[in-house]
Amino acid sequence: METIFSLLVALFFTGGIYLMLSRHLIRILLGVVLFSNAVNLLIFTNGRLTHAVPPIISPDLMTPAGPVANPLPQALILTAIVISFSFFSFLLVVAYRAYQDLGTDDTEEMRVAEPANEAPPPMGY
Amino acid sequence: MQRGTFLTFIVLLLPLLGAALAPLLTRWAGGKAGWLLAIVPSLVFLHFLGMLGMVSEGQPITGGFDWIPSLGVRFSWLLDGLSLTFALLISGIGTLILIYAGGYLDGHPQQGRFFSFILLFMGAMLGLVVSDSFLMLFVFWELTSITSFLLIGFDHEREASRRAALQALLVTGLGGLSLLAGLLVVTQATGFNDLSTLLGSGDALRSSPLYMAAFVLVLGGAFTKSAQFPFHFWLPNAMEAPTPVSAYLHSATMVKAGVYLLMRLNPVMGDTAAWETVLPLFGGTTLLVGTLLAVRQTDLKLMLAYTTVASLGLLVMLTGFGSELAVEAAVLYLIAHSLFKGALFMVAGLLDHETGTRDVTALGGLRKAMPITFAAALLAALSMGGLPLFFGFLAKEEIYAALGFGNGWAALATLVAVAGNSLMFAVAFAVALKPFIGAERKTPKQAHEGPVSLWLGPLVLALAGLLAGLASGWVHAGFSSPMASAVAGRAVEVTISTVPHIGMALLLSAVTVGLGIAAYLSLGTLRGGMAALLTTIGWGPDRGFDQFVRGMLHASVGVTRIVQNGRMDTYMTVTFVCVAAVLLVPMILFGEFPAVPVFPDLQLHEWAIILMAVIGIGAVVYAKSRLVAIVSLGIQGLAVALLFMLFGAPDLSFTQFMIETLSVVILALVMTRLRLALSDHRPLGQKLFDMSVAGLCGAGFGLLLLKVTQQPFNDALSQFFNAYSRTIAHGRNVVNVIIVDFRGFDTLGEIAVVMITGLAILALIRIRAKPDAGKAKEIGR
Amino acid sequence: MRTLIFRTAAPFITALMLLLSVFVLLRGHNDPGGGFIGGLIAVAAFAVQGIAFGVPVVRRAIYFHPMAIAGSGLLLAALSGVLSYAFAVPYLSGLWSAPSLFGVTVDVSTVLFFDIGVYLVVVGGITSIALSLEEREDG
Numbered sequence: 001m002e003t004i005f006s007l008l009v010a011l012f013f014t015g016g017i018y019l020m021l022s023r024h025l026i027r028i029l030l031g032v033v034l035f036s037n038a039v040n041l042l043i044f045t046n047g048r049l050t051h052a053v054p055p056i057i058s059p060d061l062m063t064p065a066g067p068v069a070n071p072l073p074q075a076l077i078l079t080a081i082v083i084s085f086s087f088f089s090f091l092l093v094v095a096y097r098a099y100q101d102l103g104t105d106d107t108e109e110m111r112v113a114e115p116a117n118e119a120p121p122p123m124g125y
Numbered sequence: 001m002q003r004g005t006f007l008t009f010i011v012l013l014l015p016l017l018g019a020a021l022a023p024l025l026t027r028w029a030g031g032k033a034g035w036l037l038a039i040v041p042s043l044v045f046l047h048f049l050g051m052l053g054m055v056s057e058g059q060p061i062t063g064g065f066d067w068i069p070s071l072g073v074r075f076s077w078l079l080d081g082l083s084l085t086f087a088l089l090i091s092g093i094g095t096l097i098l099i100y101a102g103g104y105l106d107g108h109p110q111q112g113r114f115f116s117f118i119l120l121f122m123g124a125m126l127g128l129v130v131s132d133s134f135l136m137l138f139v140f141w142e143l144t145s146i147t148s149f150l151l152i153g154f155d156h157e158r159e160a161s162r163r164a165a166l167q168a169l170l171v172t173g174l175g176g177l178s179l180l181a182g183l184l185v186v187t188q189a190t191g192f193n194d195l196s197t198l199l200g201s202g203d204a205l206r207s208s209p210l211y212m213a214a215f216v217l218v219l220g221g222a223f224t225k226s227a228q229f230p231f232h233f234w235l236p237n238a239m240e241a242p243t244p245v246s247a248y249l250h251s252a253t254m255v256k257a258g259v260y261l262l263m264r265l266n267p268v269m270g271d272t273a274a275w276e277t278v279l280p281l282f283g284g285t286t287l288l289v290g291t292l293l294a295v296r297q298t299d300l301k302l303m304l305a306y307t308t309v310a311s312l313g314l315l316v317m318l319t320g321f322g323s324e325l326a327v328e329a330a331v332l333y334l335i336a337h338s339l340f341k342g343a344l345f346m347v348a349g350l351l352d353h354e355t356g357t358r359d360v361t362a363l364g365g366l367r368k369a370m371p372i373t374f375a376a377a378l379l380a381a382l383s384m385g386g387l388p389l390f391f392g393f394l395a396k397e398e399i400y401a402a403l404g405f406g407n408g409w410a411a412l413a414t415l416v417a418v419a420g421n422s423l424m425f426a427v428a429f430a431v432a433l434k435p436f437i438g439a440e441r442k443t444p445k446q447a448h449e450g451p452v453s454l455w456l457g458p459l460v461l462a463l464a465g466l467l468a469g470l471a472s473g474w475v476h477a478g479f480s481s482p483m484a485s486a487v488a489g490r491a492v493e494v495t496i497s498t499v500p501h502i503g504m505a506l507l508l509s510a511v512t513v514g515l516g517i518a519a520y521l522s523l524g525t526l527r528g529g530m531a532a533l534l535t536t537i538g539w540g541p542d543r544g545f546d547q548f549v550r551g552m553l554h555a556s557v558g559v560t561r562i563v564q565n566g567r568m569d570t571y572m573t574v575t576f577v578c579v580a581a582v583l584l585v586p587m588i589l590f591g592e593f594p595a596v597p598v599f600p601d602l603q604l605h606e607w608a609i610i611l612m613a614v615i616g617i618g619a620v621v622y623a624k625s626r627l628v629a630i631v632s633l634g635i636q637g638l639a640v641a642l643l644f645m646l647f648g649a650p651d652l653s654f655t656q657f658m659i660e661t662l663s664v665v666i667l668a669l670v671m672t673r674l675r676l677a678l679s680d681h682r683p684l685g686q687k688l689f690d691m692s693v694a695g696l697c698g699a700g701f702g703l704l705l706l707k708v709t710q711q712p713f714n715d716a717l718s719q720f721f722n723a724y725s726r727t728i729a730h731g732r733n734v735v736n737v738i739i740v741d742f743r744g745f746d747t748l749g750e751i752a753v754v755m756i757t758g759l760a761i762l763a764l765i766r767i768r769a770k771p772d773a774g775k776a777k778e779i780g781r
Numbered sequence: 001m002r003t004l005i006f007r008t009a010a011p012f013i014t015a016l017m018l019l020l021s022v023f024v025l026l027r028g029h030n031d032p033g034g035g036f037i038g039g040l041i042a043v044a045a046f047a048v049q050g051i052a053f054g055v056p057v058v059r060r061a062i063y064f065h066p067m068a069i070a071g072s073g074l075l076l077a078a079l080s081g082v083l084s085y086a087f088a089v090p091y092l093s094g095l096w097s098a099p100s101l102f103g104v105t106v107d108v109s110t111v112l113f114f115d116i117g118v119y120l121v122v123v124g125g126i127t128s129i130a131l132s133l134e135e136r137e138d139g
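Protein chains in written order, with the UniProt record's numbering: chain A, 1 to 125; chain B, 1 to 781; chain C, 1 to 139.
For the record, the hints were derived by calculation from the structure and aren't laboratory data. Possibly wrong hints are sitting among the right ones.
As the list claims (entries may be wrong) - Reference excerpt, derived from the structure (chain C facing chain A, CB under 10 Å, subset only):
id, residue
1, M17
2, N30
3, F36
4, I51
5, G54
6, L79
7, I126
8, L133
Claimed, not checked - Away from chain B, derived, C-beta distances all over 12 Å, residues of chain C:
id, residue
9, H29
10, I41
11, A88
12, L120
13, I129
Where is the CB? At the ideal position from N, CA and C, for every residue including glycine.
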């Protein structure tokens, strides 16, 4: 089970990174979404997979009856999902604003902060 | 804390307090504030004077308190003969300098700032000489470099000032780092991190294998600070500072910090072959180079500055010899030098202030117009020239007594000392005699005697040089002997007096004076010769500094162009190539590949969901239209949600499902409004390269995950949460209990992030495009 | 999107989803659910309403500015930990009490308030994001 998940995680990473290496903002954004899913699955698989029941204790017991799914990665991922969504929205808005102000979605042409052929700094004291 | 300890601490803080008050006082009282502010160092002086009795009996005073107890760092001080003499010189001369600066910069718009800086320096310098712990020593050492930077660059609107300030900061600052390393090595070698224990440790440092490293690093600090050849060039340039600074920092106090350090460490570091070779060698070279360069100058301050370099060289040379007499000579010369050089610098400033020029060839016949100045100058020059009755005479006698009876090495040093001293004699009188005698010259300003604040300082210091010579018995008992004992590391009695004693020393003194008079008379010829020589050489460390700085700038520009070329895809590629390397290289190097996995045994619906995820990823990557991209993004997200559901994580599944829905909605909203290109414009070669980088990263993560999951699993933490979720946190949903209870503080941080992101997005959307957005577009293209 | 059917159904869907979100929030401690999920359901409800009737309607309906809701949520979550000081336990330690209201025992805990804080932050923060992006379409 972990084997096939490792493969899937590898695939998620490959797809995400390939998109992030692109020059176009929207593809980079899509890549970020794939990347965060990849990370979440990585953490999830790290906590070992089980078909067992969710980590919920039945009302008449004090501890889970049998083996349950590992609760710790789930707690980590749950907040991670919400945060990566916030992050994704933020990137989306940044890309949107950059497109509005610069008129391009090509990172190659976004050279306001680091212009090409920048003059050297003054050499005096 | 005892009362005395507390009082000393307050006294050490006093100059800093004065620095804070100085701008206010100056706004209120103008140049007269110098008199008021002089109270601060005079109080410091009186406090330390009160310790003289105890210290001169050979009882060092220590005190302090824990600063960072967990690291064993203390704020502690050590006052023995050496520190106390320095402290008294700093506060005593400081008092006169403040009065002098009040007159010298009277009416200057930034006078308040000047007072502030110089008091800050005073605090730093006092801290430096009384420091016991290494860390404190280093901190104050660097503080003197920084305040010196501020003072040299005081006239910051001139480029020469800025250059000199930066030069001094770089040279002494780098030396400071070397000192820090040296002190750390000393701590490593001996286990001590303060001076008082180190000084009591005898041969511990000398016998350590780390001795050479510590020696070289400490010298790096001392030689840069005390302007030893080839680091001497910053000191003459520092003459760009207002004259009170030159008189105080660059003759009497700060530049002696390096000498102080060497003297301080002499008992534990000296008396080795390296010490007795390197120090005299560098010191002697510095002495010769300094005096020769001094002769070449016509500017009064520069002449004095080069003789200061020479005097520092002489001090280092004497400290290096380390014999009892040499130590005594160094101590006497140090005290004498502080007095006469401070006085002469102030005289030079006074001449500049009253006549408008400091060019020695443009001055003459001022003895009638400025009689008091003349008297002060003459007294100081007599001491510098080492004529009988003056304290400088004692110092010189002792120097010759120390050097004159040696063989080989010492004989060479004697020659160097005689040559250096006679040239210094010539320069002293060139500064103190030439401008006052002969025919009157026309100067930019009509010369007349300066106000009392300007001549008080030089006169007092010059007279002190005479009185100290006359009352040498007291001075020796109070200062010279305790200080020499501290430097030598054992009780030493200085006995020399002004009564001439026929012998080798007197003979050498006479030779020096004779040569000096000859040099004084032929100064013009010497100056021309030196100028011609220097033109022939052409290159010097000063120009080397310029080349160094420019080279650094060019190198930085070049490196920046490469590593920060402004192309996003370069940054991303570098990042992910590194990620792939970090993941794969150790695996390959150590052969830690995962075992060949067993083929997974999954049920049909599980296969279906995984296939769905794979198709989703593929479709996102190859999507040619917006709609396809959005929909396939939703598909892979849904597949992930379903996988969470299948493997016992309903909470995750719901969250993922909601988030995917919202993402698709938001993405659709933004993308319908933007004509963002979706198609990939990368050339094929680039695509293949990116694909292999991505593939390697993916493979790295996959293999790592496989390897990890093949290791035995430690589920202690998960068991803890399962066991205690209901029993102590009263919740049956373990995941939720972890989020809101066990790890509630984390969650608090996370919701704060959500909140901040919301605010940031709101701000981004609210900010309207500025009218000149078109301009940004131009730059962008 | 603003078809008649959708506009007729939207208020009911929204109301039901909001109810569901509160339900999911409150049962979260014992069954699947909790502040994060509940909050997201509420956001989806507002998004549906916004698509059907436009953002101004939603803004009027929730009355407070979404970021104000988020802020109060963060404050509530942070304050729920302050009570710990009164009992000399570390910040954010869960404190429980089971008062009897009208003969029914109700579990009241600081943890519940913390979870409500999480819910409010998610509702406020993400609604704010979604609404501001939707709004641009109109303007």
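Could you tell me which of the numbered hints above are not met by this structure, giving the numbers in increasing order?
1, 4, 5, 6, 9, 10, 12, 13
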